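Protein sequence lines, in the order shown, are assigned to chains H and S. Numbering of the first sequence is given in my numbering, commencing with residue 306 and proceeding in unit increments. Numbering of the second sequence is given in my numbering, commencing with residue 306 and proceeding in unit increments.
Hints were generated in silico from the structure; no laboratory data involved. As the structure is a computational prediction, the values presented were derived from the model and not from experiment. Careful: at least some of the hints might be erroneous.
Chain copies aren't distinguished; within one or between two, either way the pair holds.
[Claimed, not checked] As a list, the in silico DMTMM-like pairs of lysine to aspartate or glutamate whose alpha-carbon atoms are at most 25 Å apart: (1) K331 <-> E426; (2) K641 <-> E322; (3) K460 <-> D367; (4) K331 <-> E387; (5) K456 <-> E426.
Next come the chains, spelled out residue by residue.
2 protein chains.
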Amino acid sequence: MFMPVPVYSFSGAVRQEGFRMASLGKKALILTGKNSARQSGALQDVLTVLHENAVETCLFEDITENPTVDSVAAAAAFGRREQADFVIGIGGGSPMDAAKAAAYLMASPERQPSDLYTAGEDNHLPLALIPTTCGTGSEVTAVSVLTRPEKQTKKSISHKIFADLAFIDGAYLSSAPLSVLRHTALDAFTHCVESYLNTQADDFSRMYAREGLRLWQENRSVLETAEADAGCFQQMMNASAMAGMAIAQTGTGIPHALSYALTYHLHIPHGKAVGYFTVGFLQEAGERSCRGVLQQAGFSSLQEFREWYRALYGIPEVPKNLLESAVESLLANPAKLRTAPFPTNRTVLRMIAENLLNET
Amino acid sequence: MFMPVPVYSFSGAVRQEGFRMASLGKKALILTGKNSARQSGALQDVLTVLHENAVETCLFEDITENPTVDSVAAAAAFGRREQADFVIGIGGGSPMDAAKAAAYLMASPERQPSDLYTAGEDNHLPLALIPTTCGTGSEVTAVSVLTRPEKQTKKSISHKIFADLAFIDGAYLSSAPLSVLRHTALDAFTHCVESYLNTQADDFSRMYAREGLRLWQENRSVLETAEADAGCFQQMMNASAMAGMAIAQTGTGIPHALSYALTYHLHIPHGKAVGYFTVGFLQEAGERSCRGVLQQAGFSSLQEFREWYRALYGIPEVPKNLLESAVESLLANPAKLRTAPFPTNRTVLRMIAENLLNET
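All chains, please: the whole structure from these sequences, using the hints.
Following this line, the structure appears as C-alpha cells:
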C-alpha cells in the first residue's frame, strides 16, 4: 500500500493548517469551477491564508465539469504566463483532476497536452487539493480523469500525481446542493464497492473501503434529507477520502469503466452514471460478495439498493446501442476486465450494462 | 493523517519486490538481532535480492532487545567505516528502531549519539524495514525507542524517521517462538487500544485501529495454539502494521508510558509490560469505551480480557515502589497525560498502575 498525501481533515483545516502551502512555492495557480469554491467559502479561506503568508496567487475559474484536455492546457498556459510555481485545486473532482494535469504540464516548458497521455516522467509542480464535494477522493488519489473529445470518452492521464497537501473541511459541504451531495456520495460508495471486490484488493485496501463504507452508512441519511450537522458533513468527506485511498491501491472496476460513455454522450453526472452499472455488477459478483459489501453500507439486499438508487437518482434512459458500444470498449481493456471478481465476457458485461435497461 | 511508507505486504514480498532497495543506495548496512532475521529466512531473502541487484552489504547482528543508544552508535560507526549509504533493519522492534537511529546518525559525519535526543533536522540515510514479529509496527511509524541507561528508562528519539520501503511477509512469523508471537501481538493490541481511545484520535486513526483490531481478533487464536496457516500469519503482521499506522497518527498512551520502567528494571518483555497496565487503563476509560474497544478484539468484558492476559502471559510480580516511581515520571509528562480520554491525576494513575498488583 502507498498513501503518501499528508491530509489535514477537520473543520477549519485550511485556515488553521493552510500556512503549510507557503512551503510549496511563491505564487499559486488556483484552479476552480464556477460555483462551489466560492459558495463554500473554500476559495476565500485559501486566499486569506495565502495572503497572510505572503504567497502570490492567480485564479483560473473556468474548469468545467468533466474538464477536457484543452481546458487543462488553457489553465496551464495561464499559469505559465503568470509564472506560478505551484498549483491549488479547489472543488469537486473536475478542478482537482485538472489541477493535477496542470501541475504536470507546468513542470516543464516543453510539455505539451499530448504528453498527458504519453508514458514518461511523473514529476510535477507542488500541488495542494481541497475538496468541496464528498465523492471524488481525488485529493488522495494519483489519478486525473480528463475528457478526450477526439476519443469520445473520459480517460485517466498516464501519470501518477499525488498531492503534496490535502485539506478536508466538511463545512465546505454545507452549501452544496442536495443533487451534488447525492451524485458525489454515490461515487464514493462505488469507489468502496469496486475496490472492495477488486481482484487487486488486499487487507489494506479493504481497510480503507470498509471504513469508508462504515462512515458512509452512518451518515447517508443526509442524502435523503440534506439535513446534517457539521460532524456528518465531515464524516461524509472523510468517507469519500477513504474511498479514494481504497481506489488509490486497487484502481476502479467495471462500473466506472462502463460509466464514462454515459457521462460523455448523455451528460449523466458521474456518480449517477457509475451507480447505473453498480446494480448489475453486484448481481454478477454473486450473492455472498454482494450481500457482504451492501450490508456494510446499510442495505439489506440488492433489491433495496436498486430501489434506493431509483428513488434518489431516477433511472436514466440509456439507448441500448450506447450500452453495447461501452461494453465493446471495455472488452478491449483486458487490464480492467481482470479487476472483476468473476469471469468476464461479452455476455456477462452486457448483463451488467443492461441490468436497468427496462426499468425507466 | 500521514502515512508515507510504501508497504509491500504479501508472502514473498522481499524476493518479489526487494529489487526496489537497489534504488536506495550502493551499499546496505543491515541491522539485525541474534535470531529472528536468520531463523525466519528474511536475512537470506534480503542478501539474495541485493546480490542479484549488485548492491553491496555489510552486516551488524549485535542489536540486542531494547537496544541502547551505545549499541546504535556502534552500529552507525560500523556502517560509516564500511561506507554504507543506506540502512536495512530486519527483525522485531529492536533492530528496526535501531536502524532508524543509525540511519539518522549516518546521514552526517558530525552527528553524535547525543544528537539523537536533540531537536533538529530529521534527514536520514535511506531506510528499508522488514519485520519478523507481529507487534511493533515500527516498519510504518516514525518512532525509534531506545534504552537510555543514564535515565534508567526507554525513550523515543527526538527525530521522526519513516522508512522509505517496508516489506511485510507473514511467512517470517512461522518460525517465531510462541512467546514472541504472544508478546508482540499483545503490543499490537495495545497500540490499537491506546490509539483508539486517544484524545488525538480522528476518523483516520480510528480506521487503522479498528481494522487492526478486526484482523487481530480474527486471527488471535494463533496466540493460544501457535497453529496457523500462512494467511493467518500474514494477517497478524498486517494487523500489527495497521496498529502501527494508528499510533503513527496519535502516538501511544498511558500504558506504554508506564511500561518502560517495568521493561528496564524487571526485563519484562515490552508487550507483556504494556498489557500489565492495559487492564487498569481500560477500567478508568469507563464501561462504554472499554466495552467498545474490547468487543472489536473479541473480548466480551474487561474481566475476560484480564483472565486472558493472566492465562497467556502470567501476571508479573512488580514491586509497589517501582509502580509509584513510574507514576511519578508520568506525572512529569503533561503531553502524555493529555492523551488519556479521562482526567488524570496521581490517584487515577496509581489506580491504573496498581490494578493487577495483588493478583500474582
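Quick rundown of the hints versus the structure:
| no. | hint | result |
| --- | --- | --- |
| 1 | K331 <-> E426 | both (24 Å within a copy, 23 Å between copies) |
| 2 | K641 <-> E322 | between (38 Å within a copy, 23 Å between copies) |
| 3 | K460 <-> D367 | within (20 Å within a copy, 53 Å between copies) |
| 4 | K331 <-> E387 | within (12 Å within a copy, 42 Å between copies) |
| 5 | K456 <-> E426 | within (24 Å within a copy, 50 Å between copies) |
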